[in-house]
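Participant: Kindly generate the complete structure, drawing on both the sequences and the hints.
Chains as they are written, first to last, in the working numbering: chain A, 1 to 336; chain B, 1 to 336.
Just so you know, the hints here were simulated from the structure itself, not pulled from any lab data. C-beta atoms are modelled at their ideal positions from N, C-alpha and C, and glycine is treated no differently. Treat the hints loosely; a few may be bogus.
[To be verified] With the Cβ distance kept under 7 Å, some of the chain B side facing chain A (calculated, not the full set): (1) Glu41; (2) His43; (3) Leu46; (4) Phe138; (5) Arg143; (6) Met165.
[Claimed, not checked] If the Cβ cut is set under 8 Å, some of the chain B residues that face chain A in the computed set are: (7) Leu39; (8) Ser42; (9) Tyr121; (10) Arg136; (11) Val149; (12) Arg150; (13) Ala153; (14) Cys156; (15) Thr160.
Protein chains: 2
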Amino acid sequence: MTVATVNQKPHLAPAPSNPSPSSVVAAELAAAEAKLLSLLESHESLITEICHYLVDGGGKRLRPLFMLLVYRACGGEDRTVDDAIDAAIALELIHSATLLHDDIIDGGLVRRGRPSAFARYGAMPTLVAGDYLFCRAFELCGRFEEPLVRTAAQACLELTEGEMMEGRMRFSTTTTLDDYVAIITRKTASLFAAAGKVAAGLTAAPGSVAEAMAGLGNAVGLAFQMVDDLLDILGTEDKIGKPVGSDLRSGIPALPLVLAMESAEVRGALQNGSRLEGGTFDAILRVLRSPQIVARARSLAAEQVAIARGILTTLRPSPYRDSLGTLIDEQVNREV
Amino acid sequence: MTVATVNQKPHLAPAPSNPSPSSVVAAELAAAEAKLLSLLESHESLITEICHYLVDGGGKRLRPLFMLLVYRACGGEDRTVDDAIDAAIALELIHSATLLHDDIIDGGLVRRGRPSAFARYGAMPTLVAGDYLFCRAFELCGRFEEPLVRTAAQACLELTEGEMMEGRMRFSTTTTLDDYVAIITRKTASLFAAAGKVAAGLTAAPGSVAEAMAGLGNAVGLAFQMVDDLLDILGTEDKIGKPVGSDLRSGIPALPLVLAMESAEVRGALQNGSRLEGGTFDAILRVLRSPQIVARARSLAAEQVAIARGILTTLRPSPYRDSLGTLIDEQVNREV
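Facilitator: This is the structure:
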């Protein structure tokens, strides 16, 4: 029953009086949500059912929120807000597609506190539903200019490469911190970076701002993934919506495991190359939860947060910029 | 050791003196091939390897060939031929992605006479490589206008729906011919229809021609799939590159099986809902190979060929139009 905040440094604590970061783009998010749900309708009822099961199942819409806030923070106008909304939907569709495929790849049976689509519907329909969501994103992107589509597609390509790289390094005893950062840069940060770049690209902001927003997305994505990795070992099943240590059991090179790679005990446990269970799992979990490992992971996430905050200061002050700051704080300080 | 042509009606026999239909677009196909192969390069060597394993492994490039012939037959000029080549590559990438995912879905262990990517590399890397190919297609489509992207994306959506519908009707004893046509319209013909429509859309031809070419693609796709289904039961393993009766064993509602659904013996065998093996498989294969079933299947394919030929007559005479005719004949008369 561990109860802890992932980062308790005072300068990262959320100001309790801040409104929810989504409140300043509530109308945009509502429009995105309605259209997102309408795009899940297929002639094949099982596709519709699986897509709704995943997409309605408690997703945080972090990527659309981030994208819409960047759009507004860069001066995006009402006149072109429909473009930003469609881009945000495309992003969530792509993210959802990868979640469906990820659960097949990882054999993930629980997501967001209930059976994963893979566990409930089986591999075949889940694979097809993932393809369907991806095609929906593809369809939506038709309205955009080539550079934006290229940015999104490149992010998707990186995502698959991150997935493959992670698979390759499962149960590896030699994964370095650089490897880890390379994996999550591709697997998680690439989509946030694309979100930042595309959102800025839809406004009249100059190209340098779009590059800065790509950097913001990258830092935010890295920080979020690092915190997610920490929650996997510090959380309770209730809060993280899946069994504690799921990454660890599957030998996924998540941050705490990579940081603990110097331990002979950890390397020994990985060398079997099979799922960690029972006493071995408990022993390694204790190593990963050691104060040094947790502090090191927090400090790496804090580095990215500092980078993100630095980039935020280059934007003109606005409620949207403030909300981006709050969003980062909220996510990095997620309680477990 | 059955040796037969699928359709032996005289008016469908290929004129032996005809040059290969690919010869009139040889330069375009060569350019497409070179770029296609270059797009398989990933930072992750396993992705590159799997993609090459599939794409270099004896694919007929039927879809790019069809698309480039339609482009030229509709008056497509050299000035915009790069667009047609990119569209043809995108199509082959999408088709290749679906083959990788199909083998996972069907548990297909043999493709084109050797182990499938799924059999050789396992489900996880094959799934990711399929996603990678799909993203490459998505990237390539960035240069096209919204209507073309929509056409391609819609075809992809239909494809996933066809896949799901086919899965739903496996081992079903009540699949009708209408169901069958609905499945293959989505699963196979949709991509040919999109190819025809997009190819014409890239030329100065009026919208009515694009619609006609969509119809051509639809008829061609239906005919090809019907012949494929027939080859599955009439072919030799050597010629079709996979074990004879693979569809039948897996309970896939392919044309001969659907046409034999009136047989109580066939329905009885399907009712178990598990793979057909041994004596049951042999007995059902004999039913499907009966002259009535084979003749009915051939006549259904011939109907589509007649429709396709009718549409071809609406195009101005050209070597490209002639080659489309030859392509159809060659495919429909494939020897087994």
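Participant: Now tell me, hint by hint, if it's right for this structure.
Facilitator: Each hint, compared with the structure:
{"no.": "1", "hint": "Glu41", "in the structure": "11 Å, violated"}
{"no.": "2", "hint": "His43", "in the structure": "5 Å, holds"}
{"no.": "3", "hint": "Leu46", "in the structure": "6 Å, holds"}
{"no.": "4", "hint": "Phe138", "in the structure": "5 Å, holds"}
{"no.": "5", "hint": "Arg143", "in the structure": "5 Å, holds"}
{"no.": "6", "hint": "Met165", "in the structure": "6 Å, holds"}
{"no.": "7", "hint": "Leu39", "in the structure": "10 Å, violated"}
{"no.": "8", "hint": "Ser42", "in the structure": "6 Å, holds"}
{"no.": "9", "hint": "Tyr121", "in the structure": "11 Å, violated"}
{"no.": "10", "hint": "Arg136", "in the structure": "7 Å, holds"}
{"no.": "11", "hint": "Val149", "in the structure": "3 Å, holds"}
{"no.": "12", "hint": "Arg150", "in the structure": "5 Å, holds"}
{"no.": "13", "hint": "Ala153", "in the structure": "3 Å, holds"}
{"no.": "14", "hint": "Cys156", "in the structure": "4 Å, holds"}
{"no.": "15", "hint": "Thr160", "in the structure": "4 Å, holds"}
Violated hints, in rising order: 1, 7, 9; the structure is consistent with all others.
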